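Participant: Residue numbers (my numbering), protein chains in the order written: chain A, 196 to 282; chain B, 196 to 282.
Rather than coming from a laboratory, the hints here were simulated on the basis of the structure. Keep in mind that a hint or two might mislead.
Identical copies go unnamed one by one, so any copy, or any two together, can satisfy a pair.
What the hints assert, rightly or not - With a straight-line cut-off of 30 Å between C-alpha atoms, the simulated DSS-like cross-links for lysine-lysine are:
#: 1; residue 1: Lys241; residue 2: Lys274
#: 2; residue 1: Lys218; residue 2: Lys207
#: 3; residue 1: Lys218; residue 2: Lys274
#: 4; residue 1: Lys218; residue 2: Lys246
#: 5; residue 1: Lys274; residue 2: Lys239
#: 6; residue 1: Lys218; residue 2: Lys275
#: 7; residue 1: Lys274; residue 2: Lys207
#: 8; residue 1: Lys245; residue 2: Lys275
#: 9; residue 1: Lys218; residue 2: Lys241
#: 10; residue 1: Lys264; residue 2: Lys211
#: 11; residue 1: Lys264; residue 2: Lys207
Computed from a predicted model, the values in this text were never measured in an experiment.
Read off the chains here:
2 protein chains.
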Amino acid sequence: MFVILVYDVGEKRVAKALKTARKYLYWVQNSVLEGEISEANLRKLKDELKKLSDESVDSFIFYSFRTTKYYDREIIGVKKGGQGLFL
Amino acid sequence: MFVILVYDVGEKRVAKALKTARKYLYWVQNSVLEGEISEANLRKLKDELKKLSDESVDSFIFYSFRTTKYYDREIIGVKKGGQGLFL
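With the rest of the complex left out, here is chain A (with noise of 0.2 Å):
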């Protein structure tokens, strides 16, 4: 499936959870991750996620696809991360 994360999160966990969610995903932007993923990726990425984070202050946001079929993404100014791109 194809899943947008953005987080929100302390910042004495921000390089700790990029570092984390980018082991399964691309960094697209500031707090910003896309890409294909298995669910049970998923899982694992969000239990990683739950560890590592203070859930009473911290926010993450995982917005999951089925089909990218009906989805359009369009940037408007810089591009700064996204596929390929090593970062």
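Once you have looked at the hints, place chain B on chain A.
Facilitator: Positioned in the frame of chain A, the structure of chain B alone reads:
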């Protein structure tokens, strides 16, 4: 259509970008908004953001979906904003 907007703009333009985007979409998290929007309003929103942004620095990503039938949304941690919440 349903739109998720994530933005990453220079500090001077953050408040203005947020104010503009919130005329059309719901704020859900730091630099993330979403909501149902007509094509006409989406064009308006894009035009307004283009006008206020520095396109050599700022970045706006619009994910648009013709249907939310194949869509799932999960939050881990805190629910910060969303429809019906006046922030």
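Participant: Within a copy, between copies, both or neither: where do Lys245 and Lys275 come within 30 Å Cα-Cα?
Facilitator: both (27 Å within a copy, 17 Å between copies)
Participant: Are the CA atoms of Lys241 and Lys274 at most 30 Å apart within a copy, between copies, both, or neither?
Facilitator: Both. Shortest intra-copy (26 Å) and inter-copy (16 Å) distances satisfy the 30 Å Cα cut-off.
Participant: Is it within, between, both or neither when you check Lys218 against Lys246 at 30 Å Cα-Cα?
Facilitator: Result: close within a single copy only, 15 Å intra versus 36 Å inter.
Participant: First find the shortest C-alpha distance between Lys218 and Lys274 inside one copy, then the shortest across copies, and answer within, between, both or neither for a cut-off of 30 Å.
Facilitator: Both ways: Lys218 and Lys274 sit 21 Å apart in one copy and 25 Å across, limit 30 Å.
Participant: With identical chains treated as interchangeable, where does the CA-CA distance between Lys274 and Lys207 reach 30 Å or less: within a copy, between copies, both, or neither?
Facilitator: Result: close both inside a copy and across copies, 26 Å intra and 20 Å inter.
Participant: Within, between, both or neither: how does the pair Lys218, Lys207 come out at a Cα-Cα threshold of 30 Å?
Facilitator: within (19 Å within a copy, 33 Å between copies)
Participant: With 30 Å as the alpha-carbon cut-off, assign the pair Lys218 and Lys275 to within, between, both or neither.
Facilitator: both (18 Å within a copy, 26 Å between copies)
Participant: Between copies, within a copy, both or neither: which fits Lys264 and Lys207 at Cα up to 30 Å?
Facilitator: Classified as neither: same-chain Cα gap 38 Å, cross-chain 37 Å, threshold 30 Å.
Participant: 30 Å Cα cut-off: does Lys264 pair with Lys211 within a copy, between copies, both or neither?
Facilitator: neither (32 Å within a copy, 33 Å between copies)
Participant: Are the CA atoms of Lys274 and Lys239 at most 30 Å apart within a copy, between copies, both, or neither?
Facilitator: Answer is both; intra-copy 28 Å and inter-copy 21 Å each pass.
Participant: Measure nothing new, just compare the shortest in-copy and cross-copy C-alpha distances for Lys218 and Lys241 to 30 Å and report within, between, both or neither.
Facilitator: within (12 Å within a copy, 32 Å between copies)
Comparing the model with each earlier hint shows violations of hints 10 and 11; every other hint is respected.
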